[in-house]
Amino acid sequence: MSYLHISCALIILCSIAAGMIRILSGPTAADRMMAAQLFGTCGVAILLLLAKGMDTIVLLDIALVFALLAALATITFVRRAWHEQSGVPRR
Amino acid sequence: MITLDNLGILCIVMGLPFFLTGTVGLLRFPDIYTRLHALTKADNVGLGLIILGLSLQADNLFTVAKLILIWILVLIASSASCHLVARSAMQKNIHPWVK
Amino acid sequence: MMSYSILTVFDIVLISTLLWLAWKMLRSEDIFKAVVLFISFGLLMALAWVRMRAPDVALAEAALGAGLTGPLFLSALRRMERLHKDERRVDIDEERKSDRTLDTKQKEAL
Amino acid sequence: MQDNNRLSIHSHSHLGRCIFLRFLLFSAVWLVLTGSEAESWIIGFPAIGCAVFLSLKLSPSSHVSLSFVGICSFIPFFLRQSSLSGIDVMRRALSRRLAVNPGLVSYTTFLPEGAPRIFFVNTISLLPGTLSADLQSNTVTVHTIDKNIPIWANIQNLELRIAILWRVTPQKGKAL
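Residue numbers (the numbering used here), protein chains in the order written: chain A, 1 to 91; chain B, 1 to 99; chain C, 1 to 110; chain D, 1 to 176.
No lab work stands behind these hints: they were computed from the structure. Treat the hints loosely; a few may be bogus.
[Claimed, not checked] Calculated lysine-lysine pairs in the PhoX-like style (CA-CA distance at most 25 Å, straight line):
#	chain 1	residue 1	chain 2	residue 2
1	C	Lys33	B	Lys92
2	D	Lys147	B	Lys92
3	B	Lys99	D	Lys147
Next comes chain A alone, as it looks inside the complex (with noise of 0.2 Å):
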């Protein structure tokens, strides 16, 4: 157990929190999606400092999953989600 890992874990979590309301607030549905991408980032990094912080080593690769399905679902929503009606800015 080593506490700065720890709580530099936290710190990027409360970040996280923070970009939740670029998810609630939009306003395109583009801005919703980037931050779901940016929690996906900060999951990878949490993830690495949980896995040193907590003494698993299991935890690299769940980080690898994130890093690739992150991006997945960004593919998807460019892909086949977003249509007009979604990327224009609703008011």
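For this one, chain A is given, so just place chains B, C and D on it according to the hints.
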């Protein structure tokens, strides 16, 4: 070993502000494109520094290699998806914000 | 001792974010927003499984919950909105074709 | 169809070299993923075989002849530039009056189609102040966060470095 460990801690702590700026940029910047700037660049550098710090503290080379593999994958994934989002925003005629 | 108290703070922040996320997801009127919130929820839930010392469940949650169900929901959402607009269900290839024509129409219109 | 023809035109030695290089690459990835366990190779070899087959199927025409010197000079360049870009974004996001002045720039590249061009487009997004927004044949539309930084020179510098990396000879006049 102690110095290497401390250097690692320094790198990790230096990585944190980049993550925070990524979020601040995402919240403050005016349009999709500028937000993409904040997201891709700041987060990749932050993750890079954290991975550098953890590699300095790692106990074997396989862990280091895995960490670097993760960083490369994140780099590829984020720059590709950033380009895709920007490109389809351009094709949907979303005009960039101009001062 | 120090590290345990920090861990507790971490858990509290994680749980409260999860609950907030879940509440917002259930309450949102916009389905797309709910889907994005669901993806984020999956990512955070994986972290929660990690904290419960169940990395295998976390792996499954990250891969299935956030990684596969999210894109599937996104696809389904598009299908749904298309059906809603009284269009017949189309095959993927046809859908792509209609995508292109839509794009060009949009460009012509503007 | 065309791709298959191109594949058959290539000499056998080229194809063999291609397969060998990809096999080495995927084996390295597998080794990193699984650690040093010998038993994992029971699944590893078939998986690597599938990966090589799929990668040949998906991108058959690869003249991958990266120059070693190019790689050695590109990695420090890339690391330096991407950390500069992180600092740049940090400065802009944290300044009290948002220091952004965005604009669009078109750039015509001489890099050949395929891997070099895609690599170019993706690295633009990681350089300070630039983001590749569109790619139409050989014209890249670049979104810049500040019109006052020397985008043109930066991109040209990057392009030259990638040309060295892929051993492409720059054709002057095309890259305006």
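Inset, instruction - Would you pick out the hints that fail for this structure and give their numbers low to high? - result: none
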